[in-house]
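Colleague: Spelled out, the chains give:
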Amino acid sequence: MLPDPDRPSYESPTAGRQTNFWSECLNKNSELTCFNLQFYRMALLEVQNISKYFPLGGGLISKPKAWARAVNAVSFSLSRGETLGLVGESGCGKSTLGRILLGLIKPDNGSVIFENQDLHRLKKSELKLLRQKMQLIFQDPYSSLDPRMKVETIITEPLRASSDLNRSQRRRMAAELLEKVGLNPEDLHKYPHEFSGGQRQRIGIARSLSVRPKLIVADEPVSALDVSIQAQIINLLQDLKAELKLSFIFIAHDLSVVDHFCDRIAVMYLGQIVEKAPANLFSANPGHPYSEALLSAVPLPEPGLGLQPELMQGEVPDPVNPPPGCPFHPRCVHQIPKCRRESPKLTEVEADHFIACWNPL
Amino acid sequence: MDLLHIENLSIRFNTPEGPARAVDRVDFELGPGETLGLVGESGCGKSVTALSILGLIPNPPGTIEQGRILFSGRDLLTLDQASLRHIRGNTIAMIFQEPMTSLNPVLTIGRQVTEPLRAHKGLNKQQSEQEALHWLERVKIPSAKNHLRSYPHQLSGGMRQRVMIAMAMAVKPNILIADEPTTALDVTIQAQILSLMLELRKEIRSSLLLITHDMGVVAQMADRVVVMYAGQVLEQAETQELFQTPLHPYTQGLLKSMPRLIRQKDRISSRLSEIRGTVPRLTQHIPGCKFAARCDSAFARCREQQPDLKDTGTGHLVRCWLHAA
Chain S
1 MLPDPDRPSY
11 ESPTAGRQTN
21 FWSECLNKNS
31 ELTCFNLQFY
41 RMALLEVQNI
51 SKYFPLGGGL
61 ISKPKAWARA
71 VNAVSFSLSR
81 GETLGLVGES
91 GCGKSTLGRI
101 LLGLIKPDNG
111 SVIFENQDLH
121 RLKKSELKLL
131 RQKMQLIFQD
141 PYSSLDPRMK
151 VETIITEPLR
161 ASSDLNRSQR
171 RRMAAELLEK
181 VGLNPEDLHK
191 YPHEFSGGQR
201 QRIGIARSLS
211 VRPKLIVADE
221 PVSALDVSIQ
231 AQIINLLQDL
241 KAELKLSFIF
251 IAHDLSVVDH
261 FCDRIAVMYL
271 GQIVEKAPAN
281 LFSANPGHPY
291 SEALLSAVPL
301 PEPGLGLQPE
311 LMQGEVPDPV
321 NPPPGCPFHP
331 RCVHQIPKCR
341 RESPKLTEVE
351 ADHFIACWNP
361 L
Chain E
1 MDLLHIENLS
11 IRFNTPEGPA
21 RAVDRVDFEL
31 GPGETLGLVG
41 ESGCGKSVTA
51 LSILGLIPNP
61 PGTIEQGRIL
71 FSGRDLLTLD
81 QASLRHIRGN
91 TIAMIFQEPM
101 TSLNPVLTIG
111 RQVTEPLRAH
121 KGLNKQQSEQ
131 EALHWLERVK
141 IPSAKNHLRS
151 YPHQLSGGMR
161 QRVMIAMAMA
171 VKPNILIADE
181 PTTALDVTIQ
191 AQILSLMLEL
201 RKEIRSSLLL
211 ITHDMGVVAQ
221 MADRVVVMYA
231 GQVLEQAETQ
241 ELFQTPLHPY
251 TQGLLKSMPR
261 LIRQKDRISS
271 RLSEIRGTVP
281 RLTQHIPGCK
291 FAARCDSAFA
301 RCREQQPDLK
311 DTGTGHLVRC
321 WLHAA
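Sequence lines, in order, name chains S and E.
The working numbering numbers the first residue of the first sequence as 1 and each following residue consecutively.
The working numbering numbers the first residue of the second sequence as 1 and each following residue consecutively.
No wet-lab data here; the hints were simulated from the structure.
Warning: the hint list may mix true and false statements.
Here are the simulated distance ranges between beta carbons [to be verified]: (1) Lys145/E to Leu56/S: 25 to 33 Å; (2) Leu305/S to Ile204/E: 33 to 41 Å; (3) Gln305/E to Leu130/S: 57 to 65 Å.
Derived lysine-lysine pairs resembling BS3-like cross-links, with alpha carbons at most 27 Å apart [what the hints assert, rightly or not]: (4) Lys125/E to Lys140/E; (5) Lys63/S to Lys133/S; (6) Lys128/S to Lys214/S; (7) Lys121/E to Lys245/S; (8) Lys256/E to Lys241/S; (9) Lys128/S to Lys180/S; (10) Lys133/S to Lys214/S; (11) Lys265/E to Lys241/S; (12) Lys106/S to Lys150/S; (13) Lys202/E to Lys265/E; (14) Lys121/E to Lys172/E; (15) Lys180/S to Lys133/S; (16) Lys125/E to Lys180/S; (17) Lys150/S to Lys123/S; (18) Lys265/E to Lys345/S.
The structure presented is a predicted model; accordingly, all values stated were derived computationally and were not measured.
The C-beta atom is built at its ideal place from N, Cα and C for all residues, glycine as well.
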């Protein structure tokens with residue numbers, strides 16, 4: 001799929017550099033050009049048919065009693081400088097997927113291709129090198145910082161592991177990073193407990209930026225924060241994204257935050273992507289009944305609208321025994337007989353808008 | 001006549017860093033059948049205020065410095081434990097945020113839902129079980145009869161919160177206090193639980209004190225809103241009025257800093273407006289307005305002198321020097 005020139009994420013200088021790289025390659029022999037053309041078209045991250053099942057019960061020798069389906073045949077791609085939002089209810093597999101993308105969990109099936117390399121086929125040493133290009137921002141700013149480390153050590157730890165900078169160079173870099181995330185460079189000598197939740201999240205962001213990553217997986221980065229602090233952190237991430245040309249996988253359950261921050265949104269349900277679309281298309285015109293239910297459940301800060309009618313019944317089914325056919329059909333108010341028998345495939349209904357539903361809205 | 005009137009309430013906690021005023025001269029009332037939203041960020045004193053109504057402030061470290069909590073004419077702060085026990089879970093019931101920690105993990109659902117019925121309503125085992133079953137069905141717990149014998153860990157978070165609601169509603173309280181009842185839940189389950197609470201509250205005609213940090217939830221649920229910050233009430237108004245014409249710079253900032261779900265194809269992406277800085281520590285002594293350090297419209301007086309909560313004329317109260325004249 002060729003990039004859409006209308007989407008702003010492609011107008012970044014990174015894209016320009018690729019064009020130069022590409023035209024340089026045009027002068028070389030034709031075979032190479034062909035290869036590099038492919039490279040240009042290739043996204044930063046390409047996820048192909050990822051599945052992950054977790055065993056339940058069983059022990060060292062005995063077989064597991066059951067398997068929980070966490071991620072089921074998920075594919076998508078992420079371009080350079082793009083932000084993809086992963087949304088869904090708790091237990092839908094969005095965090096597991098995020099960890100698979102970073103190479104922290106090995107999928108049972110499928111491949112994660114980051115800059116042309118298959119993450120889960122690399123040697124440990126190669127993976128370690130690649131990991132510098134991808135970082136994670138955690139949800140809880142309290143448990144994700146070591147309380148016995150000074151801020152300087154926290155921020156420079158990834159650098160110590162991966163670069164040959166000396167101590168004073170690392171310190172200078174840490175001070176710069178602190179300033180970049182809106183903290184005072186003098187804070188380097190403090191401990192995490194001296195900071196508020198929002199400030200701790202800033203430290204976590206500085207740590208993830210220290211290795212100059214290209215991709216950041218942010219797992220609910222603002223949901224533990226107060227409303228007034230949320231806005232500060234979202235703005236910070238937005239500024240950093242523009243300045244450093246970062247790509248984001250933004251995992252969150254708050255649709256207003258995702259809608260505001262992301263270029264594209266993928267909705268997950270029981271480990272599957274059920275809808276995938278550009279953010280504006282998605283929230284204006286969702287195709288999957290589950291997406292509509294998610295969107296209409298968000299209480300809006302405008303009195304008098306009333307609570308939106310419930311567009312689905314019950315709760316998420318057990319991932320150990322997912323229902324046959326479409327996984328959403330037991331809760332769906334739009335179901336037709338076919339939904340109970342056959343699982344729908346993700347199909348493109350309009351440009352870049354994919355839905356997995358037999359009876360879309 | 002107000003059902004509940006909190007008058008000039010101040011609560012202090014002794015902490016290693018010195019005394020912290022968690023609640024500072026809080027004043028508001030709750031009318032019969034009214035839903036009052038108590039909003040604010042963490043540490044603003046909204047939960048402590050709620051706990052003090054039921055006499056649940058641990059002492060030490062907490063001390064009630066001054067004030068009265070009048071419940072149908074009686075001051076709850078002067079009651080002894082026996083009379084308080086008669087009110088708790090009976091005429092005033094509470095729903096907590098985390099349904100896993102507020103249900104007893106070693107008792108069955110049935111036992112926990114029937115307990116207040118037997119203690120306060122004098123029902124026998126059979127009657128209370130029947131009543132419990134009725135309420136579990138009302139909160140839409142599937143196959144409620146089987147779940148009477150279930151333990152809390154066998155239910156999902158949403159189901160546990162439904163059990164909490166059934167427990168609170170079954171005694172038909174005059175006042176229901178819900179402290180962040182849906183914060184731990186998914187947005188889809190939140191919508192289900194909120195509309196269930198509205199429906200049942202109307203049915204038993206109780207007043208609801210809803211504590212939350214979510215302006216969206218308040219907008220859809222409350223009749224009137226009290227905004228708290230650093231232990232103080234900063235603004236109080238009818239919901240419609242508060243969202244249309246917020247007067248305090250803090251309320252304005254809160255509303256502007258929320259990302260809005262814009263369900264339109266064409267839109268301009270913009271930056272969120274933020275409130276700079278962070279909430280002050282409660283141990284810190286601030287001579288002027290508590291919000292002054294983060295306020296864009298603060299002037300000299302704001303830093304020196306504390307404004308009072310003033311009525312602007314239409315029942316819209318605000319604590320701000322901008323509106324003091």
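Colleague: Hints first: check each against the structure and report whether it holds.
Modeller: Okay, the hints, checked on the actual structure:
no. : hint                             : result
1   : Lys145/E to Leu56/S: 25 to 33 Å  : 28 Å, holds
2   : Leu305/S to Ile204/E: 33 to 41 Å : 25 Å, violated
3   : Gln305/E to Leu130/S: 57 to 65 Å : 59 Å, holds
4   : Lys125/E to Lys140/E             : 23 Å, holds
5   : Lys63/S to Lys133/S              : 37 Å, violated
6   : Lys128/S to Lys214/S             : 15 Å, holds
7   : Lys121/E to Lys245/S             : 65 Å, violated
8   : Lys256/E to Lys241/S             : 22 Å, holds
9   : Lys128/S to Lys180/S             : 26 Å, holds
10  : Lys133/S to Lys214/S             : 5 Å, holds
11  : Lys265/E to Lys241/S             : 23 Å, holds
12  : Lys106/S to Lys150/S             : 32 Å, violated
13  : Lys202/E to Lys265/E             : 38 Å, violated
14  : Lys121/E to Lys172/E             : 10 Å, holds
15  : Lys180/S to Lys133/S             : 19 Å, holds
16  : Lys125/E to Lys180/S             : 65 Å, violated
17  : Lys150/S to Lys123/S             : 33 Å, violated
18  : Lys265/E to Lys345/S             : 25 Å, holds
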